[in-house]
Structures are given as C-alpha cells and as structure tokens.
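There are 2 protein chains.
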Amino acid sequence: MGNGDYECPHRVAIPPSKPFFKSLKSGLKETFFPDDPFRQFKNQPASRKLLLGLQYFVPIIEWAPRYTFDFFKADVISGITIASLAVPQGISYANLANLPPIIGLYSSFVPPLIYAMMGSSRDLAVGTVAVASLLISSMLGKEVSPIENPKLYVQLALTATFFAGAFQAALGLLRLGFIVELLSHATIVGFMGAAATVVCLQQLKGILGLVQFTHATDLVSVMRSVFSQTHQSKKKPAFFWVNAMAPLTSVILGSILVYFTHAEKHGVQVIGHLKKGLNPLSISELAFGSPYLMTTIKTGIITGVIALAEGIAVGRSFAMFKNYHIDGNKEMIAFGMMNVVGSCTSCYLTTGPFSRTAVNFNAGCKSAVSNIVMATAVMITLLFLTPLFHYTPLVVLSSIIIVAMLGLIDYEAAMHLWKLDKFDFIVCMSAYLGVVFASVEIGLVIAVLISLLRVLLFVARPRTFVLGNIPNSVIYRSIDQYPVANNVPGVLILQIDAPIYFANASYLRERISRWIYDEEDRLKLSGETSLHYVILDMSSVGSIDTSGISMLEEVKKTVDRRGLKLVLANPRSEVIKKLDKSKFIENIGQEWIYLTVQEAVATCNFMLHTCKLNHGVEHNSQDNNV
Amino acid sequence: MGNGDYECPHRVAIPPSKPFFKSLKSGLKETFFPDDPFRQFKNQPASRKLLLGLQYFVPIIEWAPRYTFDFFKADVISGITIASLAVPQGISYANLANLPPIIGLYSSFVPPLIYAMMGSSRDLAVGTVAVASLLISSMLGKEVSPIENPKLYVQLALTATFFAGAFQAALGLLRLGFIVELLSHATIVGFMGAAATVVCLQQLKGILGLVQFTHATDLVSVMRSVFSQTHQSKKKPAFFWVNAMAPLTSVILGSILVYFTHAEKHGVQVIGHLKKGLNPLSISELAFGSPYLMTTIKTGIITGVIALAEGIAVGRSFAMFKNYHIDGNKEMIAFGMMNVVGSCTSCYLTTGPFSRTAVNFNAGCKSAVSNIVMATAVMITLLFLTPLFHYTPLVVLSSIIIVAMLGLIDYEAAMHLWKLDKFDFIVCMSAYLGVVFASVEIGLVIAVLISLLRVLLFVARPRTFVLGNIPNSVIYRSIDQYPVANNVPGVLILQIDAPIYFANASYLRERISRWIYDEEDRLKLSGETSLHYVILDMSSVGSIDTSGISMLEEVKKTVDRRGLKLVLANPRSEVIKKLDKSKFIENIGQEWIYLTVQEAVATCNFMLHTCKLNHGVEHNSQDNNV
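Sequence lines, in order, name chains A and B.
With my numbering applied, the first sequence has no gaps in its numbers, which climb one by one up to 627 at the end.
With my numbering applied, the second sequence has no gaps in its numbers, which climb one by one up to 627 at the end.
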C-alpha cells in the first residue's frame, strides 16, 4: 500500500461499511446541523453549557458586557435615523395592510426590542414591510372586509402574525431553514418586482382619484424625479440622508400644508385621530376559534416564509460586509419569537426590511442597540406625539409606499439573470407573471416548482462526455470543452456527470449504448482501430441507488455482448461500497477498476498491444493512426 | 496550445458561449430525444423517409418480410401455450375487476393483435393484469356499485381504459416517457407487494366464505404446495409447463367436478352463461359525459402509468436477454393505441404481464406473431367454446388470482433493497404501507415524493471532501476514502460533489467556511504550517446558477478576509462559461484557475517556498512535517 509507482496502478479503496445507525446519525447531522452549532459545547462543565445555551438563544447576554460608550453614541444616531423612517413607514404600511395606522406604530416598538435581545445581526433594523402588508390585505381581505368588519379583520391579521411567528420559530427549532432556501434569488427578484407592481397600481389608483384637480403629467414627472433620486441614492451611499429623511420630511410638510389650508375639509383624506399610549395586550384578540382559521394559517405561513427570506438575506448580506457570522436557524427563532410576542401586543408581521437596514448601516450602527433606540423613539411618539399626525394626508403615505416599491422593481437584476442564466430568468419571470396575473400563492408555487424542476432535470438528464487525452500530458478531459484533446485508439472514455438514480438509470443506459454505437460507426467509417475498451469515469458520480446498480449490470451485459470490456475509473466511496455489496465488483473483476482514468487507459493500451502481439486480434490492422 | 509540459500548467478552456436558441435546441433534444430516433432518417429520399416513418410506428412492416416458417412453428407453440393461460386468467382478472367474465376474454383478442403490429418487443405477451384490475374495481367501485348498476360500471371501466390508452400514447408522442421512470424499482416492488396483499386478503375472504364445509387447514396446505410449486418453477424454467398449464388444468378439472357433482346447486358459485361471439363495438359505451368523468380520468391515468411501468420493464428485460433494443416512447404509443382501440371493442386495460411474457419466452416465441396465435385461439374460444366455462367454479378463479399474486410479493427483493440501500428500502416500505393502509394513490404519491426527496437532498446537501495526496503519486483523493492520503502543508483542497444551485448555495457557503475554520484550528493545535491556499476542486460541479455564482463570490471574500488565497481546479465547461460571463474569473484572477488539482498544488507549493525565501512568511517554521 502506498509503494506504487506509475507502472503499478493504485488500488481503489473500499471504505468499511458503517453501521446503519452511525451513518444515519452522520447523515442527519449533515442535513440538519451543517454548521455544527454544538461544537463549542463540547467538553465544557454543566454551568458553562447553561450559559452558552442561554447565549445561543439570547445573544445580548454574550455581547452586552463588551458594549462600549463609543458604540452607544453611534447606535443612538443610527437609531434616531431609522426611527424617522419607522414612523411614517409604519403608518403607511399599516394603511397598505388595511389595518389602523396605530398598529403600524405599535409594530415598531415591541418587535425591535425582542430582536435586539435574540437576534444575531448587528445591522438589521426591524420593521414592517410592504410586501407582507400587501399579502395580509389581499389574503385576509378575500375572507373578511376590513371596512365592514374592521374588528374581526384586525383579529385575523394578529392571528396570522402569530402563526407566522410560530412557523418561523418552528422552522428554526426543527432546523428546517432550508425550506426558505427554496426561494432562490431569481424567485425573490421576480416576486418582489411583482408585489411592487401590484402595490403601485393599487396606490396610483388611489392617488389619481384624489388628485383629480392636478395634472396627471405633473404626477408622473414628480414620481420620475423622486424615483431617479432614490435610484441615485442607492448608488451613492453618501446621499442616504436624502433617502432616510424624505419620508418624515414629506409627512411633516404634508401635514403642515393640510393643517393650514384646511384641505381635509375639501376632500383630501387624512389619518385622523390616533390613540395615545403604548401597545395594548392583544392575546385575547387572537382568533383561534374563528371560521377563517385555515386562511389565517395559510396567510401566516406564506407571509412568514417571505418575511424570513427577506430578513435572513438582508441580515446575511450586511454580516458579510462586516465579516461576522449569522446563524440562519437561530435568526429564524429570533424572528419567530419577535412575531409571536408581537401578535400578543397588537403588532402585525415584522421582519428586517432591506431599506431600513441599509439606512441603519449607513448611519453607522454598531449593534442591535440601534433597534432599542428606535423603539424608544417610537415609544415617545406613541406616548406624546400621535396628535401631530392627525392632519397627515393619506396621499403622502401612498407616495411613501410607491417610492419604496419602485426600488423593489429591479430591472437590472432581471437583465443580469437573462445574461447569466436563462433558466433563472425564466424562474424570475414566472414568479413575476404568476403573482401579477394570478395570485401570490400561484406565482410562488410555480417559481419554486420550476426551480426544483431544474434540480431534478440535472439528475434526470445528466450530461455524459467523451474524454480525450490533452496533448503532452496524462490528463483526460472532455473533448467538448477541450477540442485539442485526442481520442485514445481502441478505447472509449465516458464521463457521467450526476449520481446514478432511478430517475436517470434508463436514460444513462440508452445514452451509454448510443455513445458506443456512435463510436463504433465512426471508427468503421474512418477505418481506425476498432473499439475494445469502454472506460466509465465515475469521478463525478457521487451516489448510486439500486436502480443505478441494475443499470450498470445491464451496461456490463451490453458491453460484453459486443465483445468489449467494461472498465471503471475512480468510483467514489458511496458508489464503491454499494458495488461491493451488490457483487458488481466480482462481476466486473476487481482488476478492471482503476483509481484514475490515466491508469485505466495505460492498462488498456498495454493489453491492446500485448494481445495483438500474442494472438493477432481479428480484422483491424491500422494502429495508432490518431 | 498543446505544447505544455509538467512545469507549465495547462489552461482551462472557456468554450465559446453558444447562441441561446442553439443551446436551447440541444438541451431539448437531450431531454426529449436522448435516443436520437431520427438518426436513420438523415440524408434519405422522401419516399424512404415515409417508409421509415411507417416502420417506426408499425414495426411489423419492417420485420414481416423477413419472417420464416421456422419462426412461425415456434410462435404457434408459444402462442397456444399463452392462450391456455390467457383464457382462465382473463376470466379471473375480469372477475377481480368486477367486470363480466366475457370482457376478460375480449381483452385477450383485440389488444394482442394491435400490439403485434405496433409493438417492438418480440417476447411480450399482451393481457390483462391483476393489479390494474384491482385498481379499476377499487377506484371506480367507490363511485358506482358494480352490483347495483353493472351497465354504468362497465361503461366507466371502458372509459377509464380509453383515458389510460390516450394518456399512454400522449406520453409516448410527447416523449415524456421519463414520467414512468419516476416509479423506481423500489417503488414498484413495494407497490406490487401491497397490491398482491390486498388482492389475496380480498380473495381469501371469498374462498373462506365458500369452503365453509372443508377444513381451512387443508386450504392452507393446498395453497402452500401450490405456492412452493410456482416458487420452484420461477427458479427452474424447465418446470415452466407446470406453471403454464396449471390454470387451464384447474379450470378444466374444477368445471368437470362441478358438472358431475351438480355442486352449483349446493352453494358453489360458477361463472354461468357466457355469450358466444366476438367483441362487440363499444364506442357508444364510452361515457365522456358522465358525472364520474374526473374519477374515470384519474383511474385511467393511474392504471395507465402502472400498466406502462410493468409492460415497459418487462419488454426491456426480455429484450436484454435476446440483445435487441426497445424504444420506450415507441412502446408507449403501442400500449396506448392498443388500449384506445381496446376500449372501443369492449376490452379493458391490458399491458404486458410478467408471468405471461415469461411463459411466452420459455415456450420459445420468436416474434409478436405468438400474440396473433394467442388472439386466434381466444377467438376460437369466443366463437365456439364459451359454453364449456358455464360450470367453472369461481373458487378456481380465486385460486388462480392468489397464486399469481403470491408471486408478486417479493420478500427477497425487499431484503435485497435493505441490504444494499436503506433509502430504497424506505421507499419500498412506504409504497407498501401506503397502499395497504391508505390507498393506491396515497401510497404511490408518498413513494414517488420520498424518491424525489432523495434526489433533492443529494443536491441540497452535497457532500464536500478534503483531498489529500496519495503517497508516491500526483493523485489527490478524498482522505475519507483513502486514509493513506496526506494533507498538503499550507493548502486545503476541497472537493464539491454536486452542482451549485440555489438549493445548496447557503449550505455550501457555511460548510466551506467550517472546513476552513476547522483546518485552521487543527493546524494551530498541531503547530503545522498555517493555511495559505484553499483549492476548490470543481471536477464534480456539473452546473451552477446565479445563486451559486454569488456563493462563490462570497466564499472569495471570506477567504480573502482571512488572508488566504482561493484557487479553482478543473471548472467544467458549463461552470467556466458562467464564471466568465459574471466576471468572477477576473475577480479571482485567470492565473488562479488550474486544469488539475495537481497543477494547482504544484503552484501553491512553489509560491509558498518562494515567498518564504523572499519575505520570510510570518510565524510558522515547521515545513513538510506530514
């Protein structure tokens, strides 16, 4: 072992088969705990384990002792900045969800406090988002009218939030975070764009109805200028103050304008009276017994997953910038708890919106304390400042929503997908069209199914390549990719590019046969050395099932019947174990399994020449004419 | 190009990107026409193309001119043999489907004639099967009682057969044969066993009810002897005559016994009057307007797929023995036409049953003419011999069904699955338990979903391996599989074992980071050369999407930030094209992409030593201590 040189081929190792439960355990661990969260618990005393466990679920215990005054100064500035965004956005999005505006403010008070304790991102700013608000209004609005039955509608929204939070926490606790990964980047680009389109159309209708006395072209030009402004600010973070302060400024200016012109008496709708005081408890409002329970559960699950997808992607992106680590499953638990507690304190669904987090990041936040500062600012607003919003015109809120929405329609990302990967573009467009023309659920399901189809197609129709020798080397590579590579006379080298499973066993059998027929035809036409060996390069075959083993057995028979010899190169550990158990190794002969293609070819060449010298193989006379 | 030697590394080729429609076309061709059925049409005159096209759909045109008298003699013997099986089985299975016995005989007349013209198997014997019969009775019986409303029930069964045939033909014409491949070997083993269990329990109840005067133990011992007989005959094909003739013999003996003892007057149920004459047309019976249309369509699709799975697997297995080729999609068209025509001529669902085909094969059939002989024998039976079955006791039919069924419960196959592949065993058992305890549809759906889950899991949780150098070679292989392989000092070589898609991008990012942390920890503890290079071996990465590219960009950032260098080895053509388009190659640097792991390691080693000589790299002093 290990004393081989180029003449003596190396042996393919057959790892000892692990006991069933051991391999089951390691498989489950890789599937559910790929990040090995228990690593730091190893070899620690019980008290330390308890502390680590607490720190795992409530990270603030871990970082609070290291918190400095310099950090606090930075967090106060960024916290106040995001609060100036949180108040008008909270009111606007609640409006979009057809919920009372005050619930939007409540939602920027309790959930940020919970996240500050449990979340592991230092940059994420918690708040409500337009897409989830839209989903709530469209899914629940189908069952209960928010105008005719506002109390029940609010109850259902809170209940849906509860289910969203419970589902999020359950995903995290059960380590099922990969369900969120089914929403690929392409799906999210398409989905967000579609949601933004729907929201804008809705809001525009409202605005156009209200501003019937102004010129529509003005509106368009205003929107265009506003849009180009946000667009610029996206590219130049130095301008982010414009972006951060615009909503509050327009709310203040709009309210002052209405107050002094008494426009509310001339048809301009305003927010009206807002109750003073902090979040009332709402546990008793959760409508678990309502006849709409299934709808609230469905709404909760869909909005919960969407909110997670956005929040976790945002958290991860900013963690990348600052080079710290975010544990997806732990974040899910934090998001889940924040929404469960939120639903009991009159808050609806919150997550980590991209826009607010970007503002937080640009304002120089250092830790989740900026969320606490924001919550405090919102608390002060709730306690003392709500009367100030009495005269805020709804049209300003619509503009705030539209501006936020236009940023979500990401043409460039869609074009990038088209340029880079047509299949991802199809996924993106199907999410977009599905959501715009059918419904949110249909759009998402179609996009996820198409994404999965690609994965299945990769396995169901694996690519097979003919390998050739790269000149002046012992390297064998696909002739497709490397046109300089030469065929080896008398030997056909095939590479299989996927695990061999039931879904592709028939296809591979057919395809391998076709390669052999084609090669024999080609050789017959060109008069080269006829085929003697078929080498299957198994380097990329990561796994095999029983259908796959039967397929190999049938390929062996086919190859035998044509008077050829089947040779395997580099079967991997999963594959060789099963080939051993199924006696396929005995069938093919241990001596026909090689560690590398190069060694397999060397042996084939050696045999070809020896046989010719000794027995004068059949009819073919030409040799080495490539 | 091509003048490289070991010192000058080879370049990774970036194939020119194909125009979109060209790559779409080749992709669609590989997906839907992997066997290239149009190959022989190339460069042929139009008249020849027409003939080839006709021969494609009606293969009898192709082989009939070459048919010899010797073949005919063999086919007559095998045809009569299978007819002796077809008549009693036809009656029995029709009974199982709760259809009039005569429909079972009809079904062995028209469909074999159609198959003989259109099918490409030389061994397949056409007939009804127990599992499909059971499905028809259980699925349609839920809607319409065959006792209270026999006429409507027959109409629904014929309509379901029509839909089964139409669906089968459509699958073939649309080249969607891979849908049948979703029923893996493991699923079919479990499903067949479950169907057999259900049928046996049903029939036993009937038998036990009938034979209340005899001793139950006798029955068991009779069954046991019958079973052991068939079991033996499965292993020793020389005894197949026993198997082939047993049903007809028991029918004859049973009928004679009843006739002479007048047992039909003492509670033994018999078939009773059978109409003489050939199949009546039944187009007008097809109930497309019935309120049960959805049920018939569902029944048709499920029985159609199951029948195809059995028929095609059987055809393929026997074609393997005789070394000829079966075109799956063409067979589907033949099966489909046979059932569509059958449904218009009072036949219910037929396929190629394993048992009858095996008998046909053992009796020495040479071509599909044996099906024509069988059909002729059945025709004679229909025209003249039906009165003979008047006294055939139903209990004999039940025994025939049970004997056929017991052969379907394949303990050995299930044990084989357990030994070879636990996951396949789970699939098999879930199909079995699902069908026995829930319903056929639920069992099948669960088994197919679990099978697909495995494919998805393979991609969602791809294995990553650390590679090491096999001593005395330039080969790099997984340290897991080859414990003799040595780590390369200062270099971490990771192999990724699946395409990089949205479904695994997050996982791989986490996993690669964890490998790097773990390796740095290990090196710190052992005091070896610290890490400088991370080589990703991309040999097994067959494809990448936009999420995958983002993942690689993030890994690059992580690696950079830790002061390491990312190196790629052997990116494949699909991957390198996209890395090129997305500018990732510029990002990582063309000079850090190598054709082989060996060349990447050689460069890393060279750089490590040069750097040390020139700059005296940091703290680590030991070198080459592995």
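Fair warning: there could be bad hints in the mix.
Treat identical chains as interchangeable: a pair holds within one or across any two.
[Said to hold, decoys possible] Straight-line Cα separation of at most 30 Å, DSS-like style, residue types lysine-lysine; simulated pairs:
1. K525 / K43
2. K582 / K30
3. K367 / K558
4. K266 / K30
5. K584 / K152
Hint data in this document are derived by calculation from the structure and do not stem from the laboratory.
Against the structure, the hints:
1. K525 / K43: between (65 Å within a copy, 18 Å between copies)
2. K582 / K30: within (25 Å within a copy, 36 Å between copies)
3. K367 / K558: Result: close only across copies, 21 Å inter versus 67 Å intra.
4. K266 / K30: neither (65 Å within a copy, 68 Å between copies)
5. K584 / K152: Intra 70 Å, inter 54 Å, cutoff 30 Å: neither.
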